[in-house]
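With the hints as your guide, set chain P onto chain V.
The residues making up each chain are set out below.
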Amino acid sequence: MTQSSFITLQNASKSFADTVIFKHVQAQLSKGEILSIVGPSGSGKTTLLRCLSGLEPFSAGDFIIDNQNVTKLTANKRPVSLVFQQALLFPHMTILDNVAYGLTFQHVKKKERAKQAQELIDKVGLKGYEKSFPHELSGGQQQRISLARSLAISPDLILLDEPFSSLDPQLRHEMRDWVRKLLKSQQMTAIFVTHDREEAMQMGDRVGVFNDGSFQQIGTPQDVYQRPVNPFVATFFSDCLVLDDHKYVPVSHLFISNNTSNDAHLQLEAIVQNQVFIHGETFYQLWVASMNKRITLPSSLSLHEGANVTVMANAEAVQLFPEDEIKE
Amino acid sequence: MQYKPRMKTASFWFLTGSLFLFPVLFLIVKSFTLPWRYQADFHMHFTLRGWSTLLSENQLISATFISLLIGAVVVLLNLIIGLSAGKALAFYQFKGKSIMDTLFLLPLIFPLLAIAMGVHIAMIRLGLADSWIGVVLIHLVPTIPYSIKILRNGYVSLGSAMLEQSTSLGANVRSRFLTIELPLLKPALRSTIFLTFVISLSQYVITAIIGGGNVVTLAMVYFPFLQSASSTVLAAFSIWFALVPILFYLIVEIILCFLPYQSPWRIKT
Chain V
93 MTQSSFITLQ
103 NASKSFADTV
113 IFKHVQAQLS
123 KGEILSIVGP
133 SGSGKTTLLR
143 CLSGLEPFSA
153 GDFIIDNQNV
163 TKLTANKRPV
173 SLVFQQALLF
183 PHMTILDNVA
193 YGLTFQHVKK
203 KERAKQAQEL
213 IDKVGLKGYE
223 KSFPHELSGG
233 QQQRISLARS
243 LAISPDLILL
253 DEPFSSLDPQ
263 LRHEMRDWVR
273 KLLKSQQMTA
283 IFVTHDREEA
293 MQMGDRVGVF
303 NDGSFQQIGT
313 PQDVYQRPVN
323 PFVATFFSDC
333 LVLDDHKYVP
343 VSHLFISNNT
353 SNDAHLQLEA
363 IVQNQVFIHG
373 ETFYQLWVAS
383 MNKRITLPSS
393 LSLHEGANVT
403 VMANAEAVQL
413 FPEDEIKE
Chain P
37 MQYKPRMKTA
47 SFWFLTGSLF
57 LFPVLFLIVK
67 SFTLPWRYQA
77 DFHMHFTLRG
87 WSTLLSENQL
97 ISATFISLLI
107 GAVVVLLNLI
117 IGLSAGKALA
127 FYQFKGKSIM
137 DTLFLLPLIF
147 PLLAIAMGVH
157 IAMIRLGLAD
167 SWIGVVLIHL
177 VPTIPYSIKI
187 LRNGYVSLGS
197 AMLEQSTSLG
207 ANVRSRFLTI
217 ELPLLKPALR
227 STIFLTFVIS
237 LSQYVITAII
247 GGGNVVTLAM
257 VYFPFLQSAS
267 STVLAAFSIW
277 FALVPILFYL
287 IVEIILCFLP
297 YQSPWRIKT
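Order-wise, the sequence lines are chains V and P.
Take any residue in the first sequence, count from 1 to its spot, add 92: that is its number in our numbering.
Take any residue in the second sequence, count from 1 to its spot, add 36: that is its number in our numbering.
Extracted from the complex, chain V is given alone in its bound form:
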């Protein structure tokens, strides 16, 4: 535990009967930092978030916020707020009442509650909707109010559980940037859970790749992307071709050729499956039968579906996973 850490999670574990959901999870966050937790479905990241919020108890471990052990505190007493996948606005309350809801339990006077809620509604760009009811707002607007409602109680930590998953792709992109700016402007410490690595990179100051009930690697998005510590991170988060349990090649160092070459260190036979066009470039999806893997590579070559090609890399492109997997 470092001196500067505001949030500390020590040896946190959770099991349901005989099923272990996560074990010995360690994490630290400094004040105002956003950590993205990214992992495949069923990896245990949502359960971790529920345990952090207090909706589920930890089976073991300690959860410390600002030097106070909050592990035993019930969800309503924890200085933690959770934003769910769905906006979950209370349909019988106006937008103002929704945002002010949490403040009623902090014994804030009615006038002050309304004032604070109004300020947040203005901040999330929904001035004029105070007296509206949730069903009168669009999905994106509802999610913004949901966030404002969680921010209203001034939690020490805000947890966001895939809050954009129910929005359309265009809106999702806009919301990511907007939410990050809002959280930063409020100097809010946040944990953001997603299964989308692009979203994780965009939202988090650091990302934690979560799988099999533990963090595989935590670091800045660039660090985790460029220096994955194990085959799972290399496959799930980075764009790498994992050669075996010890070696990988970043796809940026791979290239496609129509012929074989004696100079290349790595040469793999592949079949062109299809092509996609992204950001003005042509990408080919290739099937590498010898490794039973599919990779996507850019190329200026004009290739047709079913063509036999060779995927190559130089000797210096092959990299090793660190022997002592540094998981921070």
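Among the hints, a few may not be true.
Below, in silico cross-link-like pairs of lysine-lysine (DSBU-like), each with a Cα-Cα straight-line distance of 30 angstroms or less [to be verified]:
id, chain 1, residue 1, chain 2, residue 2
1, V, Lys223, V, Lys203
2, P, Lys222, V, Lys201
3, V, Lys223, P, Lys222
4, V, Lys164, P, Lys131
5, V, Lys115, P, Lys131
Derived list of chain V stretches under chain P, where covered just means 3 residues or more per stretch with a C-beta under 8 angstroms from a C-beta of chain P [stated by the list, open to error]:
id, segment
6, 178-186
7, 191-202
8, 234-245
Calculated from the structure, these hints are not laboratory results.
Positions of the beta carbon are idealized from the N, C-alpha and C atoms, including for glycine.
Using the frame of chain V, we list chain P on its own:
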């Protein structure tokens, strides 16, 4: 076959008029007129005899209050049991849940009379026979299964996430119940309240068995009228009988207005 909007409106009013408005109006008119005779000239002779006979019935007012009291207590117990059992069945996973679910429905499967006869002996031993508390308890038998079903469905459609969101924002169990659960369960609560009240109000046989004639509810006064009194008096009594749940409905609606975050001036979905 496609209906035009005007056709739809016409059929709506025809059905409402013939199946609902006409019988009610007919009953009201009937309570103020002498019995009509077939094969005689159709003349309506207005009279207040029906209502004066009804109001001169000694036990009418006390029976109405007893029915209201028993109905209100039955409703209250139904709400307490229905809300807790419904919530448990909606949100918790436990061994024997499906068996429990079936057991809750059993009172509807067994003949009520058989249950009442069996329970009567127990009630005598416990000193609850011939008392209004005993009648309240026996009225729970035909009402509880409905309450649990309705409120369970209410909780299922509410969803656990909504309640968790409230907790995450700082609400304790009590605040959450008052500010989220009760207001959002209002449609289910309404159904439960009126269904159980009307069932309780209409019970004759089990009230007679357990009440032993000491507990005189409105149904106990009403049923003997079926054989003896004239149709004018019976019509007046039927209206009186129907007014009791309407009065109860108004009281309940006023109470529901006091739930948190209620705005009678806005329509919400």
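Results of checking the hints against the structure:
no. : hint                : result
1   : V/Lys223 / V/Lys203 : holds (15 angstroms)
2   : P/Lys222 / V/Lys201 : holds (28 angstroms)
3   : V/Lys223 / P/Lys222 : holds (21 angstroms)
4   : V/Lys164 / P/Lys131 : holds (27 angstroms)
5   : V/Lys115 / P/Lys131 : holds (27 angstroms)
6   : 178-186             : holds (count 7)
7   : 191-202             : holds (count 5)
8   : 234-245             : holds (count 3)
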